[in-house]
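J.: Listed below, chain by chain, are the residues.
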Amino acid sequence: MPYNSIHTGEDIDAGISKTQGVASNATANATDAQLRDRGTHTGTQPLSSISDAGSAATASTEDFATAAQGSLADTAQQPPTEGAFVDGDKTKLDNIEASADVTDTANVTSAGALMDSEVTNLAQVKSFDSSDYAPAAHTQAISTVTGLQGALDGKLVSGSNISLLTNDSGFTTNTALSAIATNNAGSSEPNPTFAHMLWFDTNNDLMKVRNEANSAWVIVAKKDGSGWTPYRQGTALGTASVQPDNRYAHRSNNLSDLGSATTARANLGLASANSPEKLRVVEEVNNSMVAQFINSAGSSGDTLGKGYIGFGISNSFEETGCYIGWDQESVSGYQQALTFGTRPDIEEFPTERMRITSGGDVQITKSLSVKGATLDPGGTAPMHACRAWVNFNGTGTVAIRGGGNVSSVTDNGVGDYTVNFTTAMQDANYAMSGSGEDTGGVKDVLIGRTNGGTKTTTACRIKTVNAGANVEDFPSVEVMFFR
Amino acid sequence: MQNKRIIYQNDEGNVAVIIPADCGLTIEEIAAKDVPTGKAYKIVDVADIPTDRQWRNEWTVDEADLTDGVGA
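Protein chains in written order, with this note's numbering: chain A, 1 to 483; chain B, 1 to 72.
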């Protein structure tokens, strides 16, 4: 209230009363608003005394837990319910590599471990017990094997070598080796027996072999003085009573005949005395071995005869498809031809197709095919083949088109050539023939020998003459030589 | 060998040209065999032989050029 204002007494009294109520040193120059404003306050005030202080702090996004933390108090990590971190926990976390995943197969493998997913017998692995395995290499004393030492001691004679090993029956190795060396020679059969075992029966001088079934002995030979008599199917060979009765088997009455220097032979044929022998295998004549094949007519002596060896699908000669045979060409001496035949029909007798005569000629009854080329002459007149031939162009660049046994053609001049043979003729008495055509296509020309020209075993000089009797180069010259 | 020829001078003084055949012999073997004994020869390409034969009998060769061998 301004001092120069006019006041009533009541106002003064009221003022005095107010003044008396002001505390000593009270601030009297501030308004109530200023005095009540918290910004003008000094000193401290407990947070608990400020109503709604907690919600005010939470709501403010500018309040920090501490200035040093630099993060908002509102978002700061709260301690987990299981308890706060303790010293050392950060160190453990620092040792874990970035993005580490303890279930990563590579990490597990790198650490030398296996993932469950890598083990196919997981249940077995997890149930594995150390007693389930044995060491990879180990030794075990014989003495720890029950009965082994005793069994070994019974097999060996102390101080002896292994050849004296004895089995449970007291049979020693020396005994066994001795038996083998002597083919089990003895008066009684060996015991035990085995299939194919040999036994020389000294009681009967018989060599026997045990059969496949190890059920019986089979005699293979009998000791006969200093020699042996062989057995076949349990019966001694060489006994007349056991000779076979077919044509294919041995018929000699005595095996010693086979080795005789003068009468060695082995005949195969029918057993019947009236039937001629079919095959006499060998006979020694003048120190040479001769094979004789006798036909069913039994030809021999001074009459002409034939013999055959048949081949075919049948075991009967009469039904064979082809043959190699001989044909006696003379009743005196040994002039015999070698013949070859085929059988065109099963009902016919083989027909001779080729013959090598006793004089060495080769005779073929049908056509001859050489490298697919057939020579099939008609009639029986002898043939004399061309010994050389050539076809050449005698004009421009003289050139050979084809030939045989011609090594070259010499161009001596116009219409003048020499034909040179690769292999020389036996003499110069050969015949020459030629043909061709001149440059005008005329074939009525002459190809002949040059007057006074060469005609030797190695070459022949020729001339080509046109229809006008003039020497001329021909585009086609063909000449042949026969001898 | 089909592209080769053997030339020599014959007794008439003409040039003789040997055309080799495909007979299994080499050109040298044919030359030695088919060139007359004592005649000097030369092996040439077929292209070296004239194809115009109008004056065939007038062909000549310098003996000094026949240097590949002598007929056996």
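Keep in mind that the hints were calculated from the coordinates and are not lab data.
Even glycine gets a Cβ: it sits at the ideal position worked out from N, Cα and C.
Hints should not be assumed to be uniformly reliable.
[Unchecked claim] With a straight-line cut-off of 25 Å between C-alpha atoms, the simulated DSS-like cross-links for lysine-lysine are:
(1) A/K443 x A/K463
(2) B/K42 x B/K4
(3) B/K4 x A/K463
(4) B/K33 x B/K4
(5) A/K463 x B/K39
(6) A/K126 x B/K42
(7) B/K39 x B/K4
(8) A/K463 x B/K33
(9) A/K455 x B/K33
[What the hints assert, rightly or not] Far from chain A, some chain B residues (derived; all Cβ distances over 12 Å):
(10) V15
(11) P20
(12) A31
(13) K33
(14) D68
J.: Hint by hint, say whether it matches the structure.
T.: For each hint, the structure was consulted:
no., hint, in the structure
1, A/K443 x A/K463, "holds (15 Å)"
2, B/K42 x B/K4, "holds (10 Å)"
3, B/K4 x A/K463, "holds (23 Å)"
4, B/K33 x B/K4, "holds (16 Å)"
5, A/K463 x B/K39, "holds (22 Å)"
6, A/K126 x B/K42, "violated (99 Å)"
7, B/K39 x B/K4, "holds (18 Å)"
8, A/K463 x B/K33, "holds (22 Å)"
9, A/K455 x B/K33, "holds (15 Å)"
10, V15, "violated (8 Å)"
11, P20, "violated (5 Å)"
12, A31, "violated (9 Å)"
13, K33, "violated (6 Å)"
14, D68, "holds (15 Å)"
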